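Given these sequences and hints, build the entire structure.
Spelled out, the chains give:
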Amino acid sequence: MRRTISFFLNGSEVNVTLKDHMRLIDCLRETLNLTGTKEGCGEGECGACTVLVDGQAVNSCLYPAPEAEGKNVLTIEGLQGSENRLSFIQKAFVELGAIQCGFCTPGMILATKALLDSNPDPSDQDIRAALQGNLCRCTGYVQIVEAVKQAAENMRGPE
Amino acid sequence: MKSYRHIGSKTSRPDGADKAAGKAIYIHDLTRPGMLFGKIKFSEFPHACIKNIDTSKAERMPGVKAVITAYNTPEIRIGFLRDNFALKKDKVRQYRDEVAAVAAIDPEIAEEAVSHIKVEYEPLPGVFSPEEAMKEGAPLIHDVDPQGRKRSDNALSLRFHHESGDLESGKQTAKFIVQGQYSTPLVQQSCMGTSGCIAEFDMNNNLTLWAKTQIPFLAQRDFNRALGDMGLRGKNTRIIIPAIGGAFGTGLDTHAYEYIAILLAFQTGHPVKILYTRDEEFAYLSPRQSSQTQIIQGCDPEGRLTFRSVEVLQDNGAYTSWGATYPSVMMLPATSLYRVPNVYFDAKLVYTNNTYCQAMRGYGNPEHCWALESNMDELAEQAGIDPYEFRLINSNKPNETTPMGLKISTCGLEESLKSVANTLDWAIKRGKGKQRGVGMASLIHVGGGGRIYRSDASGLILKLDDFGNVNVYHGGVEMGQGLHSVLTLAVAESLGVRPDKVFINPTDTGTCPWDVGTHASRGSFMAGNTAILAAKKLRSQIFRLAEDVFPEEVHKNLKKHIKEHPDYKPPEFDVEAAATQDRFELKDGFIFLKDAPDEPWLRLELGRYLRAIHFRDQGQMLTAEVFYDPPNELPDFEKGIGNISSTYVFGTQGVEVEVDMETGEIKILRMAAAHDVGKVLDPEGLRGQIYGALAQGIGYALYEELRTEKGHIQNTNFRDYKIPTIQELDFPIDLEFIETNDSFGPFGAKGAAEPGLVPTAPAIANAIYDAVGIRIRDLPITPEKVLSALKNLNKQTEKRRTAK
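So the sequences go chain by chain: F and E. Heads up, the final residue of the first sequence is numbered 159 in our numbering, and it's a clean run with no missing numbers. Heads up, the final residue of the second sequence is numbered 804 in our numbering, and it's a clean run with no missing numbers.
It should be emphasised that the hints constitute simulated quantities derived from the structure, not laboratory data. Some hints could be false.
[To be verified] Mimicking PhoX-like on lysine-lysine, the simulated pairs with C-alpha atoms at most 20 Å apart in a straight line are: (1) E:K785 / E:K795; (2) E:K51 / E:K89; (3) E:K710 / E:K91; (4) E:K10 / F:K91; (5) F:K149 / E:K10; (6) E:K722 / E:K785; (7) E:K118 / E:K57; (8) E:K51 / E:K88; (9) E:K23 / F:K91.
A quick note: this is a predicted structure, and the numbers were derived from the prediction, not measured.
Below, the structure written as structure tokens:
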């Protein structure tokens with residue numbers, strides 16, 4: 001069965017026709033050609049495919065696309081500002097060496113966004129709790145934690 | 001000490017912003033017009049004869065464009081010893097053997113078609129451990145060798161052996177002797193981006209392959225040979241490398257799935273993509289080998305090592321990859337970590353019906369370090385010497401040649417030992433009990449290339465354009481480790497331009513000069529040295545041509561300057577006389593004379609200068625190409641002699657742990673890592689390399705293990721195969737980089753990519769021993785093993801008490 005759904009993707013309304021059982025990740029990557037969302041395991045174990053649905057971090061590999069109907073979906077493509085400007089979080093990840101192969105990065109950054117939107121001044125423990133579903137094989141996570149703290153600081157602005 | 005403009009300063013990696021924005025293109029994201037999707041049918045038995053393959057149902061499915069087996073395609077032999085085949089005929093030797101493949105218009109159809117392929121097997125008895133495989137009368141995995149000669153046993157023909165000094169006299173002079181048997185498991189590299197490729201033929205039957213490889217040029221050689229096998233002798237493979245989602249050694253061989261994509265692409269005339277799912281990655285990609293190591297070593301009453309004897313047994317699995325040459329690296333620590341005069345080393349590799357293995361970060365060194373550094377602690381205890389002191393007594397020194405013939409130039413081992421002891425408060429914390437303990441372990445590794453092939457070289461081209469940009473073509477592979485950061489800094493530094501004017505082109509065998517491969521922690525070392533050499537060439541071209549062009553251009557400058565500033569009185573300076581090639585300098589993208597560096601009209605922006613030499617009579621564009629083969633030797637591995645690298649890295653890691661007596665869990669409280677890196681090139685990148693390797697070392701030490709049941713891998717997902725999460729890395733890690741400024745290294749630097757993983761596991765095991773007195777000799781150190789060892793320890797203590 002195919003059906004047409006509409007949702008808000010990175011701030012703009014989109015209408016897509018898709019199969020009932022289609023996963024959100026396939027809708028994004030294949031139907032809408034937004035390949036910034038990465039598939040690392042397809043089983044909700046690695047977090048590489050993390051996107052935000054109504055502000056909540058979800059594994060788009062487990063999320064049925066039809067359930068996005070009427071909701072706000074934010075992918076990595078929606079994070080950068082106009083004129084190719086990186087967001088605070090992206091900038092902090094780049095500057096602090098929190099990126100190596102980069103395959104986990106979009107998911108890691110979106111999980112960070114979900115955290116900072118609800119908790120602008122997270123402790124190390126908060127950061128670890130928020131990112132525990134996002135695996136990274138390259139960095140050992142140290143600079144990721146540093147980047148999240150830096151991003152939080154930058155977002156809060158000068159005190 | 002020399003000061004640098006860019007080297008060692010904090011910079012962001014050139015691909016960082018794209019990766020943060022989700023714009024980096026991995027093989028997962030690439031498509032080609034008309035592209036089909038390939039899927040492989042793998043063996044359902046570990047050892048069996050193939051009686052029949054029925055592909056008829058798959059072939060009839062709409063959307064299926066090709067179904068191939070070894071029976072309808074040419075034979076393609078692959079692997080380090082060419083004992084493997086792209087598709088298997090007559091017999092399967094492991095669960096993951098490729099027996100058939102499909103190309104279809106979408107991945108779902110391809111998957112369904114594969115499920116309709118029916119294979120009839122006649123199972124054969126299998127062997128699943130090297131011991132079983134070596135038994136008299138064990139089933140033969142390969143009846144004949146690649147040359148067609150009948151085989152009589154399962155041992156590989158590869159020999160890795162070393163004998164130096166006099167082992168017997170070493171034993172005679174030893175006051176204390178300790179022996180131990182240590183083992184390591186199969187572990188998975190677990191790249192976040194799974195394996196895959198796209199193969200596409202043009203109408204001249206030349207092949208382009210988008211590949212996840214660390215060896216583009218050796219892969220080109222392999223695939224060109226395969227083209228020959230397919231009746232396309234003389235045709236070429238061009239390999240293009242997209243962004244890579246981690247490699248860690250998985251790209252050091254060419255893989256059956258790549259040859260299958262090539263066969264499917266040729267058969268169908270369409271580009272074909274094969275992309276592994278996570279389950280396939282765990283089940284069908286070669287992991288790190290398991291190993292067993294027997295060590296005996298001894299020391300004199302003062303604690304000086306007098307001999308070391310090492311025997312390694314390696315389960316090769318069913319076929320042979322480059323990873324089979326792990327012992328070539330194991331020899332380094334065996335012969336050369338700490339000063340030891342009399343050494344014996346021997347490694348045996350045996351075929352089994354287990355999954356065949358390949359390279360992973362460290363390449364035999366973590367396996368060997370596990371055995372050696374655990375045993376060093378055991379010997380220190382026997383000799384009644386603190387293990388830190390014991391290591392200091394035996395520490396390597398600069399400017400020494402080791403029994404293997406390794407010429408150690410710089411050596412920061414002593415400093416790294418002291419640094420770790422200091423950071424961990426060793427003297428205070430060691431031996432205090434209360435379930436807490438500290439331990440350390442050290443390493444030696446190649447740091448100046450690693451010659452395991454006829455050439456250990458690397459080429460580099462710098463091409464300047466009309467805008468003062470520097471286009472870089474280099475055959476090394478960026479796979480996350482930060483090669484392109486180092487390359488950018490090295491080019492900017494040695495040429496005299498800003499890093500943002502340096503552009504690294506994608507690695508492509510069609511445009512980049514040859515490189516043996518990105519392995520052996522050689523990327524930065526080679527990129528740096530080639531950049532220095534190429535920049536030197538380019539600067540001399542720039543300065544030679546400047547003798548004519550510079551005066552012409554600056555006179556134009558001066559005219560303009562006077563027009564704008566009528567009162568300006570130029571200094572009395574004879575530009576023509578001063579403009580000799582040895583008097584020029586290029587810095588931050590400006591050419592000027594050393595005698596007048598600050599006069600504004602006497603400074604030329606590089607782009608303008610380049611346009612001036614381009615757009616004139618007999619105009620020129622400037623490029624420089626270099627090919628650098630480092631001064632090292634291809635060892636004779638049967639004798640175990642040869643200076644494999646032009647310099648060596650050393651380092652020490654220490655850890656403080658707490659053991660939970662109820663659950664057997666190990667809690668890491670703090671880690672310290674001190675590495676002799678020669679010189680820090682890219683501080684953020686370097687930190688990331690060490691942290692990342694440490695995390696992999698923690699997984700190796702405490703929980704990572706591919707479990708097999710008669711050759712069948714049981715844990716093929718991240719639920720059952722745990723890699724460290726951010727929750728496990730919840731303790732302080734102190735890093736210290738020791739800068740020994742090696743004369744062979746670019747700007748003094750040595751390789752640093754693998755070392756962080758090498759000594760982590762034994763440091764943890766040694767700390768556990770210090771905490772609770774149990775010695776675990778087989779990785780990983782699971783809570784079950786800890787509890788069982790604690791129980792045994794209690795029993796022994798009880799026994800001793802009752803005996804009294």
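Hint by hint, here is what the structure shows:
1. E:K785 / E:K795: holds, 15 Å
2. E:K51 / E:K89: holds, 10 Å
3. E:K710 / E:K91: holds, 17 Å
4. E:K10 / F:K91: Holds: E:K10 and F:K91 sit about 14 Å apart, inside 20 Å.
5. F:K149 / E:K10: Distance of about 18 Å is within 20 Å: holds.
6. E:K722 / E:K785: holds, 17 Å
7. E:K118 / E:K57: holds, 9 Å
8. E:K51 / E:K88: With Cα atoms ~12 Å apart, E:K51 and E:K88 stay inside 20 Å; holds.
9. E:K23 / F:K91: holds, 14 Å
Violated hints: none; the structure is consistent with every hint.
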